[in-house]
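Q: The hints should help you fit chain B onto chain A, whose structure is shown.
Here is how the chains run, residue by residue.
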Amino acid sequence: MKIEPPVLVFPSPSKSRNRNIGDLVFKNLTLVFAIVVLSLVFVMAYEMYKGSSLSIEKFGWRFLWTSVWDPVKGDFGALPYVYGTIVSSLVALVIALPLSIGVSIFLSELAPRWLERPVSFMVELLAAIPSIVYGLWGMFVLVPVVRKFIGPFITRYLGFIPLFNGAPYGFGMLAAGIVLAIMILPIITSISRDVMMSIPNTQREAAFALGATKWETTKIILSNAKSGIAGATLLGLGRAIGETMAVTMVIGNMPQISAHLLDPAYSMASVLANEFSEATTQLYLSALIEIGLLLFAVRIILNAAARLIVWSVTSKFAQ
Amino acid sequence: MTISLPLHMQRWRKFKNVFMIGLCFLSAIVVIAPLFIIFGYTLSQGIGALNLDFFIHMPKPVGEPGGGMANAIVGTLIMVGLGAVFGLPIGIMAGIYLAEFGKNAFGFTVRFLSDVLSGIPSIVVGVVAYILVVMPMSHFSAFAGGVALAILMIPTITRTTEEMIRLVPHTLRESSLALGIPSWKTTLRIILPTATKGITTGILLALARAAGETAPLLFTALGNRFWSTSLNEPIASLTVFIYDYAKAPFDDWNRQAWAAAFVLIAMVFVVNLAFRFVTRSRYGTSHN
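Chains as they are written, first to last, in my numbering: chain A, 1 to 319; chain B, 320 to 607.
Source of the hints: derived by calculation from the structure; they are not laboratory data.
Ranges of calculated distance between the beta carbons of each label pair, as one might list FRET restraints:
id, chain 1, residue 1, chain 2, residue 2, range
1, B, Asp563, A, Pro144, 15 to 25 Å
2, A, Arg113, B, Thr515, 24 to 34 Å
3, A, Lys58, B, His458, 23 to 33 Å
4, B, Ala424, A, Arg113, 30 to 40 Å
5, B, Glu383, A, Met122, 34 to 44 Å
6, A, Pro200, B, Ser437, 27 to 37 Å
7, B, Val589, A, Thr66, 46 to 56 Å
8, B, Ala352, A, Lys27, 42 to 52 Å
9, A, Tyr169, B, Phe425, 45 to 55 Å
In silico PhoX-like cross-links for lysine-lysine, where the CA-CA straight-line distance does not exceed 25 Å:
id, chain 1, residue 1, chain 2, residue 2
10, A, Lys214, A, Lys226
11, B, Lys335, A, Lys219
12, A, Lys214, B, Lys333
13, B, Lys516, B, Lys504
14, A, Lys50, A, Lys73
15, A, Lys27, B, Lys422
16, B, Lys333, A, Lys219
17, B, Lys566, A, Lys148
18, B, Lys566, B, Lys379
19, A, Lys73, A, Lys58
20, A, Lys226, B, Lys335
21, A, Lys214, B, Lys335
22, B, Lys516, A, Lys27
23, B, Lys422, B, Lys504
24, A, Lys27, B, Lys504
Chain A is faced by these chain B residues, among others (derived, beta-carbon under 8 Å):
id, residue
25, Lys335
26, Ile351
27, Pro353
28, Thr361
29, Phe431
30, Ser433
31, Asp434
32, Leu436
33, Pro440
34, Ile450
35, Ser502
36, Ala580
As the structure is a computational prediction, the values presented were derived from the model and not from experiment.
For each residue, glycine too, the CB sits at the ideal point set by N, CA and C.
The following block holds chain A by itself, in its conformation from the complex (with noise of 0.2 Å):
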């Protein structure tokens, strides 16, 4: 026979010296450990800042918005870097997107439960791939893929388009922003699909009672779920922009401003890759960690919005 335990309530503090003495030291100890993670955050930002001062005032502003990048003459201006990081990150969260949310209703509207764990364990196993292994990949089989049949394909028959266009090489814009979408994809979906499931069951009793069909039902809980969707978005919009090794692999590192999406470009964290351990004079060191912290600024300020967001929505919907 199982024993109910009582229900306990907990003893007010001992008078005991030895044992408060004890809670207080265990207390602090862990708190100093909980500050030195806290403080991580702030070194780096600090750290960041202060090693690429030398470039932030020698260009001010002028540094994201120019593209001379020359270490000869102490010139550096990032914006093909910056541009190539972002078209190839919304390159891979406009194929991403939709594909996450499709999967996301399945896991949580469609999908047996017997189903839906080793699925979702699939998509989760997609992140935990080391993003080197993303590039070896990328560069052995989605490059030629691309430049045999993606790459053709599309400049036949959406050339007329600018965007779908340029160079048959295969490494390019496109290429990396396949890379990044199959990366991100777990992301957003994990968060989406969480999103989804904490949405009461009440919603989709009252949308079927009222006649919906499925469909019917599915948009209500996505209309409901969409800043959870969108916190989520920014996440893997993140990811994106900071990721290095696959991009660097398939991107092509041609630092260029071109409008084709098959054309060679280059992003900012492979440009780390690439120059930062030979960056020879003080100002090329100062401008690559000047490109880091940016990197870093950017990420965070997506990061912490789209937490917020996802914390709003799902503590919503938890009770």
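A: Below, chain B without anything else, positioned relative to chain A:
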């Protein structure tokens, strides 16, 4: 009395229903497909190049076939170990703080910033490790790589520790307190051991993730074609080797890159499966 729509509108609704639901099924298939393609391709390319030599031999000079990545495997282990030495105490203790005393504004801030930290691009962590370690030492080192990996591990470890402690039933804590055991001892001797399984697998997950990182090692540990176990010297790592070997125009090197990728993927898969197995009971509650 029933109100019914005209027949063609009903049909349209039904068609739309089937069509959109079909699209959702399709997208599930499209999303899962890359996983199988990448796993399958890595398996088919990697398994051929994977032999005992890969694990116990040093890389051969350019042009000579064969050789292995023994130094890279050891280098990755050293740096992940070093990262764990720094990262584990900080992560676990901060996690305990959040779980036990974190129900206030400060706890919220730490939790939030640890989430922010986990989102910082790994290449940026590399930049910071460069500024903090490589610049003062004025040379690349395994130590710098370890520091970078530690920073990357901390948020995951903090979060897992907190979540796993939270899962321990309240009754356990209450019984312990009722027996007169002080609160700190309850945490260390009752709560932590109960949560050990979850915390351990969570830590393994963080370690596996760190072992797969490349970007933060590029300009901290740099890479090394020779045998080195010194913390003060540049050191090889599996991931940087993959990067270098993938770019190289030699088929043999490319094959070895796939073999290394296979090792990484296999490790990630096993660890994730273990984590999934251990945390199965609380599935679906990872985001609060």
